[in-house]
Amino acid sequence: MADIIQLLPDHVANQIAAGEVVQRPASVVKELLENAIDAGANTIKLIIKDAGKTLVQVIDDGKGMSTTDARLSFERHATSKIKSADDLFQLNTKGFRGEALASIAAIAHVELKTKQETDDVGNTIQIEGSKVVTQEIVVTPKGTSVAVKNLFFNIPARRNFLKSDAVELRHIMDEFHRVALAHPSMNFLFYNNGSETFNLPVSNFRQRIVNIFGSKTNEKLVPVNEDTEVLKISGFVGKPEFAKKTRGEQYFFVNNRFIKSAYLNHAIASAFEGLLKNGTHASYFLNLDVDPQTIDINIHPTKTEIKFDDEHTLYAILRSAVKHSLGQFNIAPVLDFDRDPNLDTSYTQQKINIKAPQIEVDRSFNPFKNEPIKTESKSSFSGRQTTSFKPTPNNWDSLYVGVASKEINNNNETLVDFSEVQFESEEQTASMFDNDEVEQANTTYQIHNKYIVSTIKSGMLVIDQYRAHQRVLYEDFLKNLTIKEATSQQLLFPLQLHFSKQDVEIISQLKEDLEFTGFLFSEITKETVEITGVPVGVPESEVSIILEQLISDVENEVPDSNFSAADLLAKSMAKSLAIKTGQALKKDEQEHLVNKLFACKEPNVSPANKTTFITMSVDELDKKFI
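Note that UniProt numbering gives residue 158 to position 158 of the sequence shown, counting from 1, and the numbers run on in steps of one.
Calculated directly from the structure, the hints in this document are not laboratory data.
Note that CB positions come from ideal geometry on N, CA and C, so glycine has one too.
One or more hints might be untrue.
Stated by the list, open to error - Capping the alpha-carbon separation at 30 Å, the derived lysine-lysine pairs in DSS-like fashion look like this:
#: 1; residue 1: Lys45; residue 2: Lys277
#: 2; residue 1: Lys610; residue 2: Lys216
#: 3; residue 1: Lys450; residue 2: Lys216
#: 4; residue 1: Lys586; residue 2: Lys575
#: 5; residue 1: Lys277; residue 2: Lys479
#: 6; residue 1: Lys163; residue 2: Lys149
#: 7; residue 1: Lys511; residue 2: Lys163
#: 8; residue 1: Lys245; residue 2: Lys511
#: 9; residue 1: Lys149; residue 2: Lys45
#: 10; residue 1: Lys163; residue 2: Lys245
#: 11; residue 1: Lys45; residue 2: Lys216
#: 12; residue 1: Lys526; residue 2: Lys501
Unchecked claim - Cβ-Cβ distance ranges computed for the label pairs, FRET-style:
#: 13; residue 1: Gln489; residue 2: Glu602; range: 27 to 37 Å
#: 14; residue 1: Ala262; residue 2: Thr68; range: 41 to 51 Å
#: 15; residue 1: Lys580; residue 2: Lys624; range: 24 to 34 Å
#: 16; residue 1: Asp165; residue 2: Asn218; range: 29 to 39 Å
I would like the entire structure built from these sequences, with the hints used as guidance.
Below, the structure written as structure tokens:
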């Protein structure tokens, strides 16, 4: 029988490895940025075109490579980071597998330019699909420049699975943020389609966070510092009142390497227990320094998962450190049962000097002195004041002159008889219905502030109020976006909201569609958005929540055949503004929602294709009682 097992060619093996290492353009950005850091660069430039599908280029001023190293760098398992298996437990570099450049070169057009400081000239190599096209001497500055063009050119299926440019660009920004936050001592520049998006100078960790996420982030941060024999923690957590509905601003760095850990994330959530609203997540930027021998990074090619020797100890230390910081900076409430709240001094009264109260006495005041009533009136025309006096009657009985006295009490005092006094008749209200007419019975009921029950001829109708209202709002917003006409209510004072640079960019892209729904923007800067009008019925306090939800939906949206910005915007706003579960509705509100739902084109499902109502016939109800 003939042998059937054979070695795969190198270019096939590289393409197979690329499926794990390079999943999208953001994976290329991560690998190239980490190589630049390992090269000892001080300034790193990232250049992106068409969300990385056309070009991903990283330029650094590191130590560069020799002619031999430049050629060997594209071979599989060729690396300068480790030399033996024992080095895997003493890793101080980002990369160590030696697969990144070989995998990238297998599925893209790669151009490498590199030069060492001691050399007069550098080298350039061009590779297309693992095949070396040219290798020449070139004049280039010190460091390395790697340009990756036409990603997945020889794997069209993988290219078709890429998401929209906005989603892919967001993933690239996430990778850029992770690397830039882990190394605040380096200068990072980010150019997208020819425009500068980020210019991050050398700074400390707090300044780096503020430079990336906006100046308003500074007031949201609470420092965390803890130094033990097992673990050293430094960084910041966000204040509970600034918690977001998304998990975007959550960063763990272990030995300057970004990681994802649901176990450690639970420790943070446990420290914030009782301080966060339902459905919100705390922000954190934490650096964890541990002994390299106690962790294993070689779990996955992306190197974002780490195994710890003693996870329970790390969990306890991390939870205690965060909880201590929240209490130390008066973020978490402190229980003191011996404190008398009546003795607390308000903040506004703390800096006021205490003085003895002064008592003023009018010594000329005589309560038994009879004085005429003095009234003052002002003339709006002459501006003069006139004084008039009304004498006090000496005999109060004169007030009752003309009223007949009918009764006399035991003291011979006259009593007034009001039987002949005429009063204005009371207002009479007529009724549209006779008393014997029966009022119409209620046709809708609300159960647990979640479902609306209505009667129909065949039986009973049960409606999910949240999903039903989503469908109503979705079709209304989609109609406004299509017709490009929407009513807007003007704000008395402009509303200024603060976002990160990438969030402002998303809002700028959706500005035109947002205006068709009723939003009016007066100014959009790099970090702020000023709004002068909102859609009718949208409360001012909900605007920031709506925009945050919209940004999150845009980042995570998977484009399908029916994908459009208008559809996504209508779905997101309907989800944010719909009546939430637990909200009580009046009878007329219930009936209005039912009528509006069945006036929709597709009342059966919500915008997320979930059932909005069910029907139960009388026969089905009868079977329940058998």
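To see whether the hints hold, each was checked on the structure:
The hinted pair formed by lysine 45 and lysine 277 fails the criterion: a straight-line CA distance of about 40 Å is larger than 30 Å. Distance hint between lysine 610 and lysine 216 is unfulfilled; the C-alpha atoms sit about 38 Å from each other, more than 30 Å. Distance check on the hinted pair: lysine 450 and lysine 216 sit about 38 Å apart at the alpha-carbon level, beyond 30 Å; violated. For the given pair, lysine 586 sits about 21 Å from lysine 575 by alpha-carbon distance, which is consistent with the 30 Å threshold.
Simply put, lysine 277 and lysine 479 have alpha-carbon atoms about 34 Å apart, too far for the 30 Å limit, and the pair is violated. The suggested pairing of lysine 163 with lysine 149 holds, with an alpha-carbon distance near 18 Å, which does not exceed 30 Å. A distance of roughly 21 Å separates the Cα atoms of lysine 511 and lysine 163; the hinted pair therefore holds under the 30 Å criterion. Distance hint between lysine 245 and lysine 511 is fulfilled; the C-alpha atoms sit about 22 Å from each other, no more than 30 Å.
As the CA atoms of lysine 149 and lysine 45 are separated by approximately 16 Å, the hinted pair is consistent with the 30 Å bound. For the suggested pair lysine 163 and lysine 245, the alpha carbons sit about 23 Å apart, so the restraint of at most 30 Å is met. For the hint linking lysine 45 to lysine 216, the alpha-carbon distance of about 26 Å falls within 30 Å, and the restraint holds. A C-alpha spacing of about 6 Å is found between lysine 526 and lysine 501, which places the hinted pair at or below 30 Å, so the restraint holds.
Between glutamine 489 and glutamate 602 the C-beta distance comes to about 28 Å, which sits within the given range of 27 to 37 Å. At about 43 Å, the beta-carbon gap between alanine 262 and threonine 68 stays in the expected band of 41 to 51 Å. Distance hint check: the CB atoms of lysine 580 and lysine 624 are about 30 Å apart, consistent with the given range 24 to 34 Å. Taken as a hint, the range 29 to 39 Å holds for the pair aspartate 165 and asparagine 218, whose Cβ atoms sit roughly 31 Å apart.
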